[in-house]
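Add chains Y and P to chain W, keeping to what the hints say.
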Amino acid sequence: MIIAIAAVLCLLSLVGAIMTIHSKKLSIGIIASGLVSLTASILFLLLAAPDVALTEASIGSGLTTIIFFYALNKIRQNHD
Amino acid sequence: MIKKIIIIGLLAGVGVIFFQLFQAYQVPTILSNKLAVYYAQNAAREVGAANLVSAIVVTYRGFDTLGEVTILFLTAAIISFVLKLKKEDRVPDRPIRETSELLTSSSQVIVPVIFLVGIYIFINGHLTPGGGFQGGAVIASGVLLMLLANPHMEVSHKLVAFIESLSGIGFVVVGVLGLILAGGFLDNRFLPLGTFGTLISAGALPLIYIFIGLKVGAELSNILGTISTHQNEKNS
Amino acid sequence: MAYIIIITGFLLVLIGLWGILSQKNLFKIILGFTIFDTGINVVMVSVGYVQGKTAPILDVISQKDALKSIVDPIPQALVLTSIVIGLGVSALMLVYAIKLFQDKKSLDVNNFKDLKW
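Residue numbers (the working numbering), protein chains in the order written: chain W, 782 to 861; chain Y, 49 to 284; chain P, 16 to 132.
There are no misleading hints in this set.
Derived lysine to aspartate or glutamate pairs resembling EDC-like cross-links, with alpha carbons at most 16 angstroms apart:
1. P:119 / P:129
2. W:806 / P:123
3. W:805 / P:123
4. Y:132 / Y:202
5. P:79 / Y:94
6. P:128 / P:118
DEER-style ranges, computed between Cβ atoms:
7. P:97 / Y:78: 18 to 28 angstroms
8. W:789 / Y:238: 47 to 57 angstroms
9. Y:75 / P:117: 46 to 56 angstroms
10. Y:247 / W:783: 25 to 35 angstroms
Derived by calculation from the structure, the hints in this document are not laboratory data. All C-beta atoms in this analysis are idealised placements derived from N, C-alpha and C, irrespective of residue type, glycine included.
Chain W extracted, bound-state conformation (with noise of 0.2 angstroms):
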């Protein structure tokens, strides 16, 4: 049963990752680059570490995403 709900998240993570590279706009790119570090984050919560699944869910998915799409912006405002 847990290996099951491994092997999907790890299906959705690979899957995630090569839509990050792959897609053609890059807000795209950057939600689903907050997605490989949420499902690691529940693959953290199944090898045991709950510190570290709270500094990658609230680091990882949170702070770097948004960083992305404010940098993203200032380029956008500059560019027309």
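Using the frame of chain W, we list chains Y and P on its own:
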């Protein structure tokens, strides 16, 4: 075309190295690493904290934590140096669409709760999973919600600099006090160890985590405030 | 289960490396660095897993049989530091990308020829 073949060849080489590493890996059934056995048997008695990962990060490996806090400080300083706007470069604001009323009125209710959860996480760092870095990141996301609900707000530079330098000095002073009064740098035994499992226990460990949590929260809020300024610069 | 997770970590490292080497947009290269970082952290935490044991927090487990029921706590302490430093490096790379765009007005890596000789 040549470039793609070289890239695929390189990745295949790295893949072969990873495959050989994977074949030498076996999940153990008992804990057999000597250092981990020492930590499992003696850390709870020597440090007095219930969370073993916190005890390792702050006391046994406290010097690495000092290096990490220094790297975060350097990052925040370099970002606000590179993205500096001089006063004569600011052009007047382009008109910004108003945020919806749902966001502004609900953020006034939720932001104090987020700050409370962040402070709870780093005060109880020695009893439950959590600690200074997680609590600091939650506080920075509370500041982010305030920035999103009110785009004209600027993160006040003086307040953030004051909190950050005070926490940094506090962290180093507690470390040096451990050097003078107890076993070594960042040793937490110069305050009494207390009863195992209560809030005021484990010596100076909650004090160190309070300083780290405030410092990391202030630095991440500074980074967010610098990147999110919406004024145009003069295209030079 | 730990075997599946360590293979996923290695595959994430390979996908991140491929993204760094083959993309032309500067933002996609920085996204490749982020995925590479996440993959390495997954591999490091799954090396410390012991079959059937639980998290290293002593609230239900008593102090006396801590040795028989926890996983290895050392890789978790190292990965905690590594995640925070990964955020710092990503933020610095993005700020340099913003400054490069303001200077050269383009995000394509082939246009930055200043250091070629």
